[in-house]
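Peer 1: Please arrange chains B, C and D with the ligands on chain A, whose structure you already have, making use of the hints.
Chains as they are written, first to last, in our numbering: chain A, 1 to 313; chain B, 314 to 626; chain C, 627 to 883; chain D, 884 to 1140.
None of these hints come from the bench; they were simulated from the model. Bear in mind that the values here come from a model prediction, so they are computed numbers and not experimental data. Possibly wrong hints are sitting among the right ones.
Claimed, not checked - In silico DSSO-like links for lysine-lysine, alpha-carbon gap of 27 Å or less: (1) D:Lys967 to C:Lys710; (2) C:Lys702 to A:Lys202; (3) A:Lys202 to B:Lys430; (4) D:Lys1079 to B:Lys515; (5) B:Lys491 to B:Lys393; (6) D:Lys1011 to D:Lys916; (7) D:Lys1029 to D:Lys1083; (8) C:Lys772 to C:Lys710; (9) C:Lys822 to A:Lys80; (10) B:Lys515 to D:Lys1083; (11) B:Lys362 to B:Lys327; (12) A:Lys14 to B:Lys430; (13) C:Lys867 to A:Lys49; (14) A:Lys14 to A:Lys202; (15) A:Lys202 to C:Lys826; (16) C:Lys702 to D:Lys959; (17) D:Lys959 to B:Lys515; (18) B:Lys515 to D:Lys916.
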Amino acid sequence: MNRLAVELPGLSLKNPIMPASGCFGFGREYARFYDLSVLGAIMIKATTKEPRFGNPTPRVAETPGGMLNAIGLQNPGLDKVLTEELPWLEQFDVPIIANIAGSTMEEYVEVAAAISKAPNVHALELNISCPNVKKGGITFGTVPEVAAELTRLVKEVSAVPVYVKLSPNVTDIVAMAKAIEQAGADGLTMINTLVGMRIDVKTGRPILANGTGGLSGPAVKPIAIRMIYEVSQAVSIPIIGMGGVQTAEDVLEFFYAGASAVAVGTANFVDPFVCPTIINELPALLDELGIDQISECTGRSWKICAHAVHCRP
Amino acid sequence: MNRLAVELPGLSLKNPIMPASGCFGFGREYARFYDLSVLGAIMIKATTKEPRFGNPTPRVAETPGGMLNAIGLQNPGLDKVLTEELPWLEQFDVPIIANIAGSTMEEYVEVAAAISKAPNVHALELNISCPNVKKGGITFGTVPEVAAELTRLVKEVSAVPVYVKLSPNVTDIVAMAKAIEQAGADGLTMINTLVGMRIDVKTGRPILANGTGGLSGPAVKPIAIRMIYEVSQAVSIPIIGMGGVQTAEDVLEFFYAGASAVAVGTANFVDPFVCPTIINELPALLDELGIDQISECTGRSWKICAHAVHCRP
Amino acid sequence: MIGREQMTVASQRLIAERTYELTLAGRLVQEMKQPGQFVHVKVAASADPLLRRPLSLCQIDHEQGQCTIIYRQEGKGTALLAQKQPGDTVDVLGPLGHGFPLEAAPAGGRALLVGGGIGVPPLYELAKQLANRGVNVVSVLGFQTKAAVFYEEKFAAFGETYIATDDGSHGAAGRVTDVIEARALEFDVLYACGPKPMLKALDERFRGRPVYLSLEERMGCGVGACFACVCHVPGSETAYKKVCSDGPVFRAGEVVL
Amino acid sequence: MIGREQMTVASQRLIAERTYELTLAGRLVQEMKQPGQFVHVKVAASADPLLRRPLSLCQIDHEQGQCTIIYRQEGKGTALLAQKQPGDTVDVLGPLGHGFPLEAAPAGGRALLVGGGIGVPPLYELAKQLANRGVNVVSVLGFQTKAAVFYEEKFAAFGETYIATDDGSHGAAGRVTDVIEARALEFDVLYACGPKPMLKALDERFRGRPVYLSLEERMGCGVGACFACVCHVPGSETAYKKVCSDGPVFRAGEVVL
Ligand SMILES: Cc1cc2nc3c(=O)[nH]c(=O)nc-3n(C[C@H](O)[C@H](O)[C@H](O)COP(=O)(O)OP(=O)(O)OC[C@H]3O[C@@H](n4cnc5c(N)ncnc54)[C@H](O)[C@@H]3O)c2cc1C
Ligand SMILES: Cc1cc2nc3c(=O)[nH]c(=O)nc-3n(C[C@H](O)[C@H](O)[C@H](O)COP(=O)(O)OP(=O)(O)OC[C@H]3O[C@@H](n4cnc5c(N)ncnc54)[C@H](O)[C@@H]3O)c2cc1C
Ligand SMILES: Cc1cc2nc3c(=O)[nH]c(=O)nc-3n(C[C@H](O)[C@H](O)[C@H](O)COP(=O)(O)O)c2cc1C
Ligand SMILES: Cc1cc2nc3c(=O)[nH]c(=O)nc-3n(C[C@H](O)[C@H](O)[C@H](O)COP(=O)(O)O)c2cc1C
Ligand code: FES
Ligand code: FES
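Okay, chain A solo, but in the shape it has when bound (with noise of 0.2 Å):
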């Protein structure tokens, strides 16, 4: 059997790695590097009802160990997507998760009605946690009664299963993880950016025109670990984990912490060739680990505990 393979709601992947939402575009950039088909999934960039702009730029800044970016939603709008994006991509053997966004709950039911309809589109993933849309994005994604909600109505429209997008800019992740589990999500993903900020110390100003953006990168990786750590403990749906990987290692860290899968961001725009790269180097790590089918590590780390006299978590 493959050991690769993870079965989750709506995907059944032939391995558990894919690339971020927003850091891969629709696939079009990277598929000059490598095909497609040998990733587990694409996460497509956050579509919304109308083509947006986004932000002015700059958009992006680099911090110590990661990057800070206020894209801001840019996007060619639901039509665009569902009549360019969407089929060209039906050329590669990969199932589609398709990110969706809105200013608001109409704007979000409208696009994932939509958008789930589409053939080769396997799941929703809900971003309610873009830090760098002001109207609406953050609420959504850090009070539990409106995420729920959000959930509950697009649970009702989707035609596939509906992972929701977990924000790090919270006191109580976990709060937030149930409530939305108790609204019906099929799945999460975690950790979106953590809100940040860098000053240029000769103008005085905000790097990014935007002021504020979004940080990811290895720097953000300890807090996905954590998060994910705690949410998986506490709820019985399955999470794809992101936040800073890079290496075949960081998905087996990702894996113990409670991650179903994972997903890579930033570390394409380090290396192209990072998903593939990792696809081929993990079964030669699961040898050397002595673990047989990936899907066996999810939760490892407080698995093992129960156990285990010497563990303190």
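Peer 2: Only chains B, C and D with the ligands this time, still in chain A's reference frame:
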């Protein structure tokens, strides 16, 4: 006039640089490297009523651009701090900011009342946000009403101004800051560490014996800058900023964001001479940037925006 | 084809104030064709600095299998790059983007190359290729001060070359546009790379003429995937071009500066 | 005096599987006295890896102004260290901690040195200094396998030396404690450095005898300020010692292993 001088409640600082609590012990170790009198102030290690051993080891783990710690408030207890550590520190011409912690409100109040009367203690720093003490710690720092109540009680008994140290592990840092300001705090210090975790891929277990720990170092700087930027615009009490400071440029970035002084934590471990180095380098940097007094820089990133058309923070 | 390679440092030298000329060897050179294209360089394997740095190709030598870039030491990344010694490797992704259209310059015609500061390097390969095609090349290169000037004689080898410095310490005092005006320089096509105010001045002055501008923008991916480097298209709220993959060279008027 | 210096790499070579011998030159060497002390090394100026790495002094040569450390490539930091070439610099803080007490070994007496794996290096300088003082040195060095063995002859120059390997591929098969037992090795004082299970076994077997153990713990500051590296003192809930500044060498029984 001394261009690095800064006036804060209870603190007339010859320069705005001070080691952060927990990263400098009670000064004895670094006194072997340089004369502590060069420092603006010293934030001593958190003091509790009774001596504490803290958490089992390993207590630290490295992360990309940062580190996790779960020391667990190890300290020799109030009596020893009063009779041994503070008197020893009197030989230096440097004001002490006493960081205090506790498991109950009563413990905070008792320690505050006693330690605030020590002759060289010029201010208190309430550590309401240590993520590594399970009992109490984390709750004080994440519920505005509780933090406000604690602030009020400590203010009543303290002989010196009270600064409250904010936890970044909250949804709404501005709400916390406002509640604490209204409760009578004289200043804020921010940020404490972010709760994080690392798992050892070889053992499958968390690297820290405590499971989770507090993330500090350059990796968290963009989060600190963003929070100080937001809070400094919402309150009128001063902020001592910290989180990833390593260089004189970093100090300026914190001032521009809204800080009135800056503490250096993790960087002391990387370079024991970092505080005097920054102090020495600041004047040349001010020259380069055409700044007369460093105190002018506080909040410049948002102050200039009111007048500038192109700024979109 | 865009590729990624650990290229080998053949040489590196300081050619002006904080300005380095770095020559790299590797198979990737065979993919490099167009002047104005850039490479995306990861200066260290560690997570700090994390992102690649976009740097223009300054010389492409297919025979030797070498390419040259010229960069100014600005921040963390370029400081690390400046430490590379011959024999060290550099992680290069490229060639990226669309460069200057050579075919816009008629053989026997006149091309005006206008460079500002660290925007000068890509014009060198352009001058070479234009000259090879029988185009008359005139170069106007602006720098802040004498110490920053580089490649003056190298450009002069391909045609008339004028230098302007802000402080007048070398060549004409003032800006490149002052030189163009003072000398009444004519052209069939103008190619420019440099700071945005310079590009804007050229755009305004020569509106409607065949002018090609190379833009700079902070980048994430460098390959068109992250939407970090977009600019507006005139007359539309949502239409955009990406500097990294649609540019960095655009015809004046194609995008909003 | 503890100091910080950019020391210069005099040489670096692979001496066993993933094991490097690195010789550094600088003034700081004159401060290095006691075997068992360590240096705290920052392998790159960048924020990744951020922390210093504690590495024991293996040889101190005041005349040449050089010191040697031997380390095994484990993670990110040691991998970067392994790339250093002669002439490169390394940011060193040290010497740190309290080493092995030489005076515990009477001249003419017998010192048993027990090392495990990457715990072997500090025993080399110890062997040298003990031999200089007229102490009879017997060394028992344990490794996983033959490919990991290093410095066998160098130790042999100072006295009887026994090697044990876990897989029996070199020397005796088994552990250092097996060798001590099999050979009925006697001592006036025992000094050891190696993995905790080895130290525990020695502690239990020789309870009450003069045994000195060098401990390992994850460190932050390395100088006693951060409380990362504490261990308990027997019989107290709150008493502690810091491995970095009170140790790394403790008399057996002084701290809880
Ligand atoms: C298409 C293109 C071609 C370029 N060609 C050259 C060249 O040939 N020679 C040269 O010296 N410079 C060139 N630049 C500018 C060069 O990319 C920056 O000077 C360099 O990235 C600064 O990196 P740093 O590590 O020194 O600075 P840091 O301040 O450490 O950089 C931090 C981050 O900001 C980005 N950044 C900073 N300044 C710029 C800038 N001006 N443009 C884009 N990103 C920036 C960096 O890439 C990095 O992501 C070019 C830029 C672009 C977009
Ligand atoms: C007092 C002392 C002396 C030592 N002397 C030597 C020596 O002479 N030769 C040698 O090969 N090793 C020695 N070690 C162990 C050495 O410090 C680690 O192997 C090294 O820090 C690993 O770093 P890394 O970058 O390869 O690993 P990484 O996994 O990248 O390290 C991550 C973090 O964990 C810490 N860490 C990892 N393993 C250890 C460990 N075993 N002990 C302490 N911290 C660790 C690192 O210092 C770093 O902070 C000594 C340790 C101590 C405490
Ligand atoms: C440039 C950029 C754009 C992003 N756009 C989106 C987006 O459109 N929708 C979304 O849900 N997340 C978006 N994200 C967040 C990523 O999907 C991911 O959650 C986050 O970056 C953490 O993973 P990483 O550290 O691997 O990048 C974006 C991140 C980056 C860096
Ligand atoms: C090892 C360690 C111990 C700490 N102990 C304390 C403490 O006792 N009290 C406290 O308020 N903060 C403590 N902190 C938090 C720091 O004071 C500081 O807020 C934080 O580390 C961010 O700054 P930095 O990135 O410069 O380290 C500790 C941090 C570290 C790394
Ligand atoms: S840099 Fe990513 S799209 Fe241009
Ligand atoms: S490492 Fe900081 S006290 Fe020992």
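Peer 1: Against each hint, give a clear statement of whether it holds in the structure.
Peer 2: Evaluated hints:
This hinted pair checks out: D:Lys967 and C:Lys710 have alpha carbons roughly 13 Å apart, not beyond 27 Å. Taking the CA atoms of C:Lys702 and A:Lys202, the gap is near 15 Å; set against the 27 Å cutoff, the hint holds. Using a Cα cut-off of 27 Å, the hinted pair A:Lys202 and B:Lys430 is violated, with the two alpha carbons roughly 43 Å apart. For the hint pairing D:Lys1079 with B:Lys515, the CA-to-CA distance comes to about 18 Å; that is within 27 Å, so the pair holds.
With a C-alpha separation of about 35 Å, the suggested pairing of B:Lys491 with B:Lys393 is violated against the 27 Å cut-off. Among the hinted pairs, D:Lys1011 with D:Lys916 is consistent with the structure: their alpha-carbon atoms are about 12 Å apart, no more than 27 Å. Using a Cα cut-off of 27 Å, the hinted pair D:Lys1029 and D:Lys1083 holds, with the two alpha carbons roughly 24 Å apart. Restraint check for C:Lys772 and C:Lys710: the C-alpha separation of about 26 Å stays at or below 27 Å, so the hint holds.
The hinted pair formed by C:Lys822 and A:Lys80 fails the criterion: a straight-line CA distance of about 33 Å is larger than 27 Å. Straight-line distance between C-alpha atoms of B:Lys515 and D:Lys1083 comes to about 23 Å, which keeps the hinted pair within the 27 Å bound. Distance hint between B:Lys362 and B:Lys327 is unfulfilled; the C-alpha atoms sit about 31 Å from each other, more than 27 Å. Between A:Lys14 and B:Lys430 the alpha-carbon distance is near 66 Å, which puts this suggested pair outside the 27 Å criterion.
Of the supplied pair hints, the one linking C:Lys867 and A:Lys49 holds, its CA atoms being roughly 21 Å apart against a limit of 27 Å. Proposed proximity of A:Lys14 and A:Lys202 is contradicted: the alpha carbons are some 49 Å apart, above 27 Å. Restraint check: the Cα-Cα separation between A:Lys202 and C:Lys826 comes to about 23 Å, which is no more than 27 Å; the hinted pair holds. As the CA atoms of C:Lys702 and D:Lys959 are separated by approximately 20 Å, the hinted pair is consistent with the 27 Å bound.
Restraint check for D:Lys959 and B:Lys515: satisfied, since their Cα atoms lie roughly 15 Å apart, inside the 27 Å limit. Of the pairs offered as hints, the one joining B:Lys515 and D:Lys916 is violated, with about 37 Å between alpha carbons and a cut-off of 27 Å exceeded.
Hint compliance for this structure: hints 3, 5, 9, 11, 12, 14 and 18 are broken, all remaining hints hold.
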